[in-house]
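Taking the hints into account, I'd like the entire structure generated from these sequences.
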Amino acid sequence: MQRERTFLQKTNLFLKGLAMGAANKVPGVSGGTVSFVFGFYEELIYSFRKVNLVALKLLLNGRFRSFFKYINAQFLTLIMAGSIFSYFSISLVLDYFLKHYELYVWSWFFGMIIGSIYYIGKDFGEWNTKNIISLIIGASVGIGISFLTPAGENDNLWFVFICGIIGVSGMTLPGLSGSFILILMGNYVLLLVDSVNELLFVFTNLLSGNFEVLSDPEKIRYLKIISVFTLGSAFGLVSISHVLGYVLKRWNSIVTAVIIGFITGSLGIVWPWKKAVYLTNNGNFSLDKSGNKIIENYSRFIPDFSNLETWFAIFYIVIGIALILIIDYYGRKKK
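Whatever position you read off the sequence shown (first residue = 1), add 536 for the working numbering.
Check before you lean on any hint, since a few could be wrong.
[Said to hold, decoys possible] Ranges between beta-carbon positions, derived for each pair:
hint, residue 1, residue 2, range
1, 760, 595, 23 to 33 Å
2, 595, 632, 34 to 44 Å
3, 862, 740, 35 to 45 Å
4, 689, 750, 18 to 28 Å
5, 666, 689, 34 to 44 Å
6, 588, 751, 37 to 47 Å
7, 841, 544, 41 to 51 Å
[Claimed, not checked] Here are the simulated lysine-lysine pairs, BS3-like style, with alpha carbons at most 27 Å apart:
hint, residue 1, residue 2
8, 635, 810
9, 605, 785
10, 785, 593
11, 605, 593
12, 546, 605
13, 785, 666
14, 658, 785
Just so you know, these hints were derived from the structure itself, not from any lab.
Where is the CB? At the ideal position from N, CA and C, for every residue including glycine.
Structure follows, in structure tokens:
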């Protein structure tokens with residue numbers, strides 16, 4: 537898996553990390569799908585699996601060069617740096633477009649997921665009974681998740697740690713949106729919006745020489761939350777990758793069929809035509825604007841085909857599909 541990379545290849549990996557990070561933050565879109573389509577999924581799982589007892593021994597013995605080589609550190613650093621940087625750059629641009637051009641953004645993602653299903657499925661191989669059943673199971677779970685009702689916010693640190701483990705699943709399980717799972721657990725806004733914004737605020741203040749922010753109890757609370765969430769995410773990445781590495785090695789076709797099913801099921805989450813759900817003061821959900829908007833949860837509906845906006849949305853779906861087909865075309869030309 538490990539090899540020397542040129543500067544252009546390193547830049548390409550960083551950009552792929554940017555794309556994966558942006559996808560991880562958008563509810564309904566899986567960063568794992570991005571890694572699958574961009575062709576670095578297997579190396580990602582392989583590298584995370586190398587974070588084990590052997591790596592720990594190398595680190596404790598001071599054999600840092602061997603440690604970095606063993607865990608494929610160059611690859612992981614570029615991908616993770618891109619993903620983290622994305623939370624403070626690309627994802628902010630996505631937030632803007634989701635706020636002002638929501639229908640078209642969801643249409644674009646919907647098209648990319650359709651294209652991803654084709655991309656992963658075209659070279660699958662034999663669709664026997666086991667694989668078809670696995671596909672149906674994966675799709676059923678994906679669709680079922682899309683219709684669950686979100687829970688309330690919970691900032692208990694143990695629960696935040698668990699959120700980190702589960703939320704990071706979107707990076708390692710294509711089709712399973714970690715950010716959407718966080719919505720269902722009630723902590724999406726707390727962990728991926730409020731805490732990230734507070735962390736950025738603290739960093740910018742510290743860099744400008746203002747250390748008084750560290751005496752603010754509310755800022756310290758958010759720093760504790762984002763730190764525990766990060767630890768949970770790191771633990772989840774390593775542990776889930778070990779399990780995935782094991783099952784992919786032994787039941788590759790079955791696991792791939794489940795992944796295709798997951799991705800297909802996630803189409804229900806990113807369906808472009810939906811109405812926002814609002815959370816009322818008594819804790820109930822409503823379609824009228826009587827409470828706080830739950831941006832990530834919707835009531836879906838069939839589009840009006842006499843509306844020009846609907847045809848623009850369909851155009852963006854086609855653009856999303858075309859983008860994946862172009863990636864596939866250039867990927868084949870390189871081989």
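Each hint, compared with the structure:
1. 760 with 595: 23 to 33 Å: For residue 595 against residue 760, whose Cβ atoms are near 26 Å apart, the range 23 to 33 Å holds.
2. 595 with 632: 34 to 44 Å: 41 Å, holds
3. 862 with 740: 35 to 45 Å: 38 Å, holds
4. 689 with 750: 18 to 28 Å: Holds, since residue 689 and residue 750 (Cβ atoms, about 24 Å apart) stay within the stated range.
5. 666 with 689: 34 to 44 Å: 41 Å, holds
6. 588 with 751: 37 to 47 Å: 40 Å, holds
7. 841 with 544: 41 to 51 Å: 45 Å, holds
8. 635 with 810: 14 Å, holds
9. 605 with 785: Within the cut-off at roughly 23 Å; holds.
10. 785 with 593: 25 Å, holds
11. 605 with 593: At roughly 14 Å apart (the allowed maximum being 27 Å), residue 593 and residue 605 satisfy the hint.
12. 546 with 605: 16 Å, holds
13. 785 with 666: 17 Å, holds
14. 658 with 785: 20 Å, holds
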